[in-house]
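2 protein chains.
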Amino acid sequence: MARMKVTVAYDGTDFAGYQIQPSGRTVQGTIQAVLQKIHKGESVSISASGRTDAGVHAVGQVFHFDTDLQIPAEAWSKALNAMLPNDILIKKAERVENSFHSRFSACSKEYHYKLLLNKQPDVFKRNHMFHYPYSLNVADIKRAAELFLGTHDFTSFSSAKSEVEDKVRTIFGLNVMEEDNTLTFKIRGSGFLYNMVRIIIGTLLEVGQGKRKPEEIVTILEGKDRSLAGKTAPAHGLYLYQVNYEEKTE
Amino acid sequence: MARMKVTVAYDGTDFAGYQIQPSGRTVQGTIQAVLQKIHKGESVSISASGRTDAGVHAVGQVFHFDTDLQIPAEAWSKALNAMLPNDILIKKAERVENSFHSRFSACSKEYHYKLLLNKQPDVFKRNHMFHYPYSLNVADIKRAAELFLGTHDFTSFSSAKSEVEDKVRTIFGLNVMEEDNTLTFKIRGSGFLYNMVRIIIGTLLEVGQGKRKPEEIVTILEGKDRSLAGKTAPAHGLYLYQVNYEEKTE
Numbered sequence: 156m157a158r159m160k161v162t163v164a165y166d167g168t169d170f171a172g173y174q175i176q177p178s179g180r181t182v183q184g185t186i187q188a189v190l191q192k193i194h195k196g197e198s199v200s201i202s203a204s205g206r207t208d209a210g211v212h213a214v215g216q217v218f219h220f221d222t223d224l225q226i227p228a229e230a231w232s233k234a235l236n237a238m239l240p241n242d243i244l245i246k247k248a249e250r251v252e253n254s255f256h257s258r259f260s261a262c263s264k265e266y267h268y269k270l271l272l273n274k275q276p277d278v279f280k281r282n283h284m285f286h287y288p289y290s291l292n293v294a295d296i297k298r299a300a301e302l303f304l305g306t307h308d309f310t311s312f313s314s315a316k317s318e319v320e321d322k323v324r325t326i327f328g329l330n331v332m333e334e335d336n337t338l339t340f341k342i343r344g345s346g347f348l349y350n351m352v353r354i355i356i357g358t359l360l361e362v363g364q365g366k367r368k369p370e371e372i373v374t375i376l377e378g379k380d381r382s383l384a385g386k387t388a389p390a391h392g393l394y395l396y397q398v399n400y401e402e403k404t405e
Numbered sequence: 156m157a158r159m160k161v162t163v164a165y166d167g168t169d170f171a172g173y174q175i176q177p178s179g180r181t182v183q184g185t186i187q188a189v190l191q192k193i194h195k196g197e198s199v200s201i202s203a204s205g206r207t208d209a210g211v212h213a214v215g216q217v218f219h220f221d222t223d224l225q226i227p228a229e230a231w232s233k234a235l236n237a238m239l240p241n242d243i244l245i246k247k248a249e250r251v252e253n254s255f256h257s258r259f260s261a262c263s264k265e266y267h268y269k270l271l272l273n274k275q276p277d278v279f280k281r282n283h284m285f286h287y288p289y290s291l292n293v294a295d296i297k298r299a300a301e302l303f304l305g306t307h308d309f310t311s312f313s314s315a316k317s318e319v320e321d322k323v324r325t326i327f328g329l330n331v332m333e334e335d336n337t338l339t340f341k342i343r344g345s346g347f348l349y350n351m352v353r354i355i356i357g358t359l360l361e362v363g364q365g366k367r368k369p370e371e372i373v374t375i376l377e378g379k380d381r382s383l384a385g386k387t388a389p390a391h392g393l394y395l396y397q398v399n400y401e402e403k404t405e
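Chains as they are written, first to last, in the numbering used here: chain A, 156 to 405; chain B, 156 to 405.
Simulated from the structure, these hints should not be mistaken for lab results. By construction, the Cβ of each residue, glycine as well, lies at the ideal position given by its N, Cα and C atoms. Any given hint could turn out to be false.
To spell it out: a stretch of chain A is covered by chain B in this simulated footprint if at least three of its residues, at any positions, have a beta carbon under 8 Å from a beta carbon of chain B; those stretches are [what the hints assert, rightly or not]: (1) 179 to 190; (2) 237 to 244; (3) 276 to 289.
Here are the simulated DSSO-like cross-link-like pairs (lysine-lysine), alpha carbons at most 30 Å apart as the crow flies [stated by the list, open to error]: (4) B:LYS233 / A:LYS233; (5) B:LYS316 / A:LYS280; (6) B:LYS269 / A:LYS246; (7) A:LYS233 / B:LYS269; (8) B:LYS280 / A:LYS274; (9) A:LYS280 / B:LYS379; (10) B:LYS247 / B:LYS274; (11) B:LYS316 / B:LYS269; (12) A:LYS274 / A:LYS247; (13) B:LYS316 / B:LYS274; (14) A:LYS280 / A:LYS192; (15) A:LYS195 / A:LYS269; (16) A:LYS247 / B:LYS274; (17) B:LYS274 / A:LYS246; (18) B:LYS274 / A:LYS192; (19) A:LYS280 / B:LYS192; (20) A:LYS386 / B:LYS233.
Make a model of the complete structure from these sequences and hints.
Put into structure tokens, the structure is as follows:
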């Protein structure tokens, strides 16, 4: 039995999210159906670093699966890409130790969030950036962003639906970059609660609009109450950019 | 009766082309249906600078229509955008002289064609750039591109399906720009025959691959035979970028 680690990109637009469900096209369901064909009808489960919601994209999602087939790593990518629809792309497949786990072995994740600041929407970016034609004080956003760095209880920045007990996470970086009418947020952390990135972004946008002071981030974190934070930013601006693992798996 | 000139962008991915047809979602059909609602059920025809095929995009297509409604130009854009799906965007609506015609008043058109040169495809650009992972001699492409400039009979570079008699057109510019693994062709001319841009691009790619010499463009033009030129490049890399009119219409 060989364990394969696979890095995958997908355009979340036409998926009802990553996770397989009884109805609706999902990333997991689509990949598992292809793997089942390759395994001559035998069902194969894949296990990802985490779910992504409907509309959320991935540049570098990671999953693993176990197989009895004797196929070289490079050939796995080609075989999967040949059978997958073109809104899913296998970027890399590697043989890893059986102790590797896409979720539990991950030591950090990076998400990006993209805003289009043009006054007019852009038909070509409508599913891949959040159109935000309002003026923003980027300096204030950057000041607020710094207050997320470090280890905090992120109860205020997670969906009330979250069932995770321990809401303490560490943010290693939160950079805000403005270029060509695009504002990109890059956030790297030990892990993220349900909707956490989108609530952080939604709150930073309220800071940028002057509805909140940058310093409020501190009191929102301390309050441990979802209602203190801002709105959840829409899914289609969000990208799971990279999942990082301590050990090199090759 | 007021004549309105409208500049519109659309993502051609989910359209069966610009021109209305008995079945299939079209740009013209979608816009006319919205205009009919605004005109309380009265049908309104729009007349564009030209058709675009299924999958072809527009950054600045132009159409005109006539209306009895007393609506300021600015309000037309808002009303249409509020009712149109988000893969069509009205960029500008202007009142023009009744003598203005989107097609016959046009003095030149500009098309862009975009290639993605990365080795791997990009799920986010799959409908908006032609993925071309082969090595290209860009200097040769540029030498060949220059040979299109000026006035020529473009029979060799138009679909055999074309029913137009006069196949003489003038190319004012054909620039090739390489940036960030993207090759963009910008072609401006007096007018274009059916599939002309895509056949020019397909032929230039064969030059870039070394299958043809740049000088061959001259003999292909002189031969006036479609079979002499290269393949038709795919639709999804093509953008109707701009339609130019001699007189300022505002």
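Here is what the structure says about each hint:
Counting residues of the stretch 179 to 190 of chain A whose CB falls under 8 Å from any CB of chain B gives 0; the rule of at least 3 is not met. Against chain B, the stretch 237 to 244 of chain A contributes 4 residues with a C-beta closer than 8 Å to a partner C-beta. That satisfies the three-residue criterion, and the hint holds. Evaluation of the coverage hint for the stretch 276 to 289 of chain A: fulfilled, as 6 residues show C-beta separations to chain B shorter than 8 Å, against a requirement of three. Taking the CA atoms of B:LYS233 and A:LYS233, the gap is near 47 Å; set against the 30 Å cutoff, the hint is violated.
A hinted pair counts as satisfied when its Cα atoms are at most 30 Å apart, and B:LYS316 with A:LYS280 does not qualify at roughly 34 Å. Restraint check: the Cα-Cα separation between B:LYS269 and A:LYS246 comes to about 22 Å, which is no more than 30 Å; the hinted pair holds. Among the hinted pairs, A:LYS233 with B:LYS269 is consistent with the structure: their alpha-carbon atoms are about 25 Å apart, no more than 30 Å. Note on B:LYS280 and A:LYS274: the hinted pairing holds, with a Cα-Cα distance of about 23 Å set against a maximum of 30 Å.
Distance check on the hinted pair: A:LYS280 and B:LYS379 sit about 40 Å apart at the alpha-carbon level, beyond 30 Å; violated. Restraint check: the Cα-Cα separation between B:LYS247 and B:LYS274 comes to about 38 Å, which exceeds 30 Å; the hinted pair is violated. Proposed proximity of B:LYS316 and B:LYS269 is supported: the alpha carbons are some 25 Å apart, at most 30 Å. Proposed proximity of A:LYS274 and A:LYS247 is contradicted: the alpha carbons are some 38 Å apart, above 30 Å.
Restraint check: the Cα-Cα separation between B:LYS316 and B:LYS274 comes to about 34 Å, which exceeds 30 Å; the hinted pair is violated. Taking the CA atoms of A:LYS280 and A:LYS192, the gap is near 34 Å; set against the 30 Å cutoff, the hint is violated. At roughly 41 Å between alpha-carbon atoms, A:LYS195 and A:LYS269 are farther apart than 30 Å, so this suggested pair is violated. A hinted pair counts as satisfied when its Cα atoms are at most 30 Å apart, and A:LYS247 with B:LYS274 qualifies at roughly 13 Å.
Straight-line distance between C-alpha atoms of B:LYS274 and A:LYS246 comes to about 11 Å, which keeps the hinted pair within the 30 Å bound. With a C-alpha separation of about 27 Å, the suggested pairing of B:LYS274 with A:LYS192 holds against the 30 Å cut-off. Proposed proximity of A:LYS280 and B:LYS192 is supported: the alpha carbons are some 28 Å apart, at most 30 Å. For the given pair, A:LYS386 sits about 26 Å from B:LYS233 by alpha-carbon distance, which is consistent with the 30 Å threshold.
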